[in-house]
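Q: What follows is each chain in one-letter form.
Number of protein chains: 2
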Amino acid sequence: MTKTTFTPRDAICGSAEETTDFAPLFNQDGLIPVVATDKATGQLLMLAYMNAEALAKTIETGEAWYWSRSRSELWRKGASSGNTQTVVEIRTDCDQDAIELIVEQTGPACHTKRKSCFYRIVKNDGGEFSLQKVEDA
Amino acid sequence: MTKTTFTPRDAICGSAEETTDFAPLFNQDGLIPVVATDKATGQLLMLAYMNAEALAKTIETGEAWYWSRSRSELWRKGASSGNTQTVVEIRTDCDQDAIELIVEQTGPACHTKRKSCFYRIVKNDGGEFSLQKVEDA
Numbered sequence: 001m002t003k004t005t006f007t008p009r010d011a012i013c014g015s016a017e018e019t020t021d022f023a024p025l026f027n028q029d030g031l032i033p034v035v036a037t038d039k040a041t042g043q044l045l046m047l048a049y050m051n052a053e054a055l056a057k058t059i060e061t062g063e064a065w066y067w068s069r070s071r072s073e074l075w076r077k078g079a080s081s082g083n084t085q086t087v088v089e090i091r092t093d094c095d096q097d098a099i100e101l102i103v104e105q106t107g108p109a110c111h112t113k114r115k116s117c118f119y120r121i122v123k124n125d126g127g128e129f130s131l132q133k134v135e136d137a
Numbered sequence: 001m002t003k004t005t006f007t008p009r010d011a012i013c014g015s016a017e018e019t020t021d022f023a024p025l026f027n028q029d030g031l032i033p034v035v036a037t038d039k040a041t042g043q044l045l046m047l048a049y050m051n052a053e054a055l056a057k058t059i060e061t062g063e064a065w066y067w068s069r070s071r072s073e074l075w076r077k078g079a080s081s082g083n084t085q086t087v088v089e090i091r092t093d094c095d096q097d098a099i100e101l102i103v104e105q106t107g108p109a110c111h112t113k114r115k116s117c118f119y120r121i122v123k124n125d126g127g128e129f130s131l132q133k134v135e136d137a
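Same order as they appear, the protein sequences are chains R and C.
Just so you know, this note's numbering puts 40 at position 40 of the first sequence, and the rest follows in order with no gaps.
Just so you know, this note's numbering puts 18 at position 18 of the second sequence, and the rest follows in order with no gaps.
Take every hint as true, because none was put in to throw you off.
Over the 12 Å line for every Cβ pair with chain R, so calculated as not near, a few chain C residues:
no., residue
1, 10
2, 26
3, 72
4, 82
5, 86
6, 106
7, 107
Just the calculated beta-carbon pair ranges, DEER-fashion:
no., chain 1, residue 1, chain 2, residue 2, range
8, R, 84, C, 135, 29 to 35 Å
9, R, 20, C, 70, 21 to 27 Å
10, R, 125, C, 135, 41 to 47 Å
11, R, 126, C, 72, 30 to 36 Å
12, C, 15, R, 20, 40 to 46 Å
13, C, 107, R, 125, 30 to 36 Å
14, C, 70, R, 74, 28 to 34 Å
15, C, 40, R, 10, 35 to 41 Å
16, R, 126, C, 18, 23 to 29 Å
These are computed hints drawn from the structure, not numbers from a lab.
Even for Gly, the Cβ is constructed at its ideal location relative to N, Cα and C.
All chains, please: the whole structure from these sequences, using the hints.
A: As structure tokens, this is what we get:
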């Protein structure tokens, strides 16, 4: 068990926007969406979720931990693939219901071996949709 | 009512990762998280949510529409502030449960008048957390 705890949401002083208290807002499933971006390039790498324990472990270890909704378990990013994320900076947004992780990404971020998970563009051909893969994503 | 519809999730051919069918996965509330990034700089601007209608309106109009969870209504980004988002590209991720909007942002993206909603860094002083504002965010 981790000892890291965050400010309870109902205990923040002032508005969520301007406070310097860190009071992350987890959703009804106890999760918060996390956007990982690349330190070197600023590129959007992936979107995943953390519960409070994953966020605490990320802060304590300096490596990205997430909550797998499909497997219902904590996972250390890259634990099996080796494609770890070293956390350079953690940010939160105006209403503190999302997290940005600025990371040094080892290898590709996506499990499909691509640098980013966002490797397909939505194309609209008169209401007919398709996805076009980006070669260098 | 919009006429735009997407491929039903259970009708996609092959895996969500490699298909060229656009079959966005909305959560149990009918929402999908959307990350807006700046076309010119790649900077992460904000994270918000769309329902199917907001996504359809975004595609049809070329301007970003979201679903406000607090107000339970569709909103066109910038409708009151003027800080609209012109959509340059729409992407989806490997498992098609998140959207990236690459936008030309008019004015600041954040309602606090900052360029990005992610303007605070989480600081950890021996287990005591605080948020430090980034001056140029």
